[in-house]
Amino acid sequence: MMRFKMWKPTGLALAAIAATAAVALAVPSAMAQRDPAYAAARAAGQIGEQPDGYLGFASTPTPAIRALVQDLNIKRKAAYTERAQATGSTVEQFAFTSGCNLIANTKPGEKYQAPDGRWLTRDDSPPVRNASCP
Amino acid sequence: MNTPKTGARRRAIVGHSLAVLIGAAALTGCVQIETPDKPIEINLNINIRQEVVYRLDGDAKKLIEQNSEIF
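Heads up: the sequence lines are chains Z and B, in that order.
This note's numbering puts the first residue of the first sequence at 42, with every later residue one more than the last.
This note's numbering puts the first residue of the second sequence at 2, with every later residue one more than the last.
Bound-form chain Z, shown alone (with noise of 0.2 angstroms):
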């Protein structure tokens, strides 16, 4: 009965320490999710995936959607800097090869922008895309 007791409350902590694992795990991937009002606005067309590895405006945005997407595109460029640096290229190839993928990654019903400048909605063929991606 003591014996019992004395673990009962080692099992607690033991529960306690798997669930702040499972927390630590969980959070990451939250993260790593789209931002809600940046999906919408991906969804309903506002805003695109352009051939330079940024994200631009398919329709005169609302002042909220020009700060979301200038945050994301702060962002984008933080990291393709980085990349860039660690692969010896330019901030510019790696955005535009970035930008190769992100446009070949959009989902029937979101809008790109093709090489010539025109923003296309993606439907099930592939995209236009410039002709240097891969």
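Keep in mind that the hints were calculated from the coordinates and are not lab data.
Built from N, CA and C at the ideal position, the CB exists for glycine as well.
Do not take every clue at face value.
Taking beta-carbon pairs under 8 angstroms as the criterion, some of the chain Z residues facing chain B (in silico) [stated by the list, open to error]:
| hint | residue |
| --- | --- |
| 1 | 75 |
| 2 | 98 |
| 3 | 113 |
| 4 | 118 |
| 5 | 124 |
| 6 | 126 |
| 7 | 128 |
| 8 | 130 |
| 9 | 135 |
| 10 | 138 |
| 11 | 141 |
| 12 | 142 |
| 13 | 143 |
| 14 | 155 |
| 15 | 174 |
Below are the BS3-like pairs computed for lysine-lysine, each with C-alpha atoms no more than 25 angstroms apart in a straight line [stated by the list, open to error]:
| hint | chain 1 | residue 1 | chain 2 | residue 2 |
| --- | --- | --- | --- | --- |
| 16 | Z | 116 | B | 62 |
| 17 | Z | 148 | B | 63 |
| 18 | Z | 148 | Z | 118 |
Model the placement of chain B on the given structure of chain Z, informed by the hints.
Relative to the frame of chain Z, chain B by itself:
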């Protein structure tokens, strides 16, 4: 005695200069190449870029996967 010789020489000189002129004209014709315009340059740029893009493609894919919240 001199006259036919001079005549022949003259004719020879005229012939030479004509040949030189024709040659020069032919040369000018060869040298006149259309100045390389933009399309050639653009094609070169695309080739260079394509190499770079292919090299960076794997890294770009990884970056997008690992930072999905900003892409």
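Hint by hint, here is what the structure shows:
{"no.": "1", "hint": "75", "verdict": "6 angstroms, holds"}
{"no.": "2", "hint": "98", "verdict": "17 angstroms, violated"}
{"no.": "3", "hint": "113", "verdict": "5 angstroms, holds"}
{"no.": "4", "hint": "118", "verdict": "10 angstroms, violated"}
{"no.": "5", "hint": "124", "verdict": "5 angstroms, holds"}
{"no.": "6", "hint": "126", "verdict": "11 angstroms, violated"}
{"no.": "7", "hint": "128", "verdict": "5 angstroms, holds"}
{"no.": "8", "hint": "130", "verdict": "6 angstroms, holds"}
{"no.": "9", "hint": "135", "verdict": "6 angstroms, holds"}
{"no.": "10", "hint": "138", "verdict": "4 angstroms, holds"}
{"no.": "11", "hint": "141", "verdict": "7 angstroms, holds"}
{"no.": "12", "hint": "142", "verdict": "5 angstroms, holds"}
{"no.": "13", "hint": "143", "verdict": "6 angstroms, holds"}
{"no.": "14", "hint": "155", "verdict": "16 angstroms, violated"}
{"no.": "15", "hint": "174", "verdict": "7 angstroms, holds"}
{"no.": "16", "hint": "116/Z to 62/B", "verdict": "16 angstroms, holds"}
{"no.": "17", "hint": "148/Z to 63/B", "verdict": "19 angstroms, holds"}
{"no.": "18", "hint": "148/Z to 118/Z", "verdict": "23 angstroms, holds"}
The structure fails to meet hints 2, 4, 6 and 14 from the earlier list, while all remaining hints are met.
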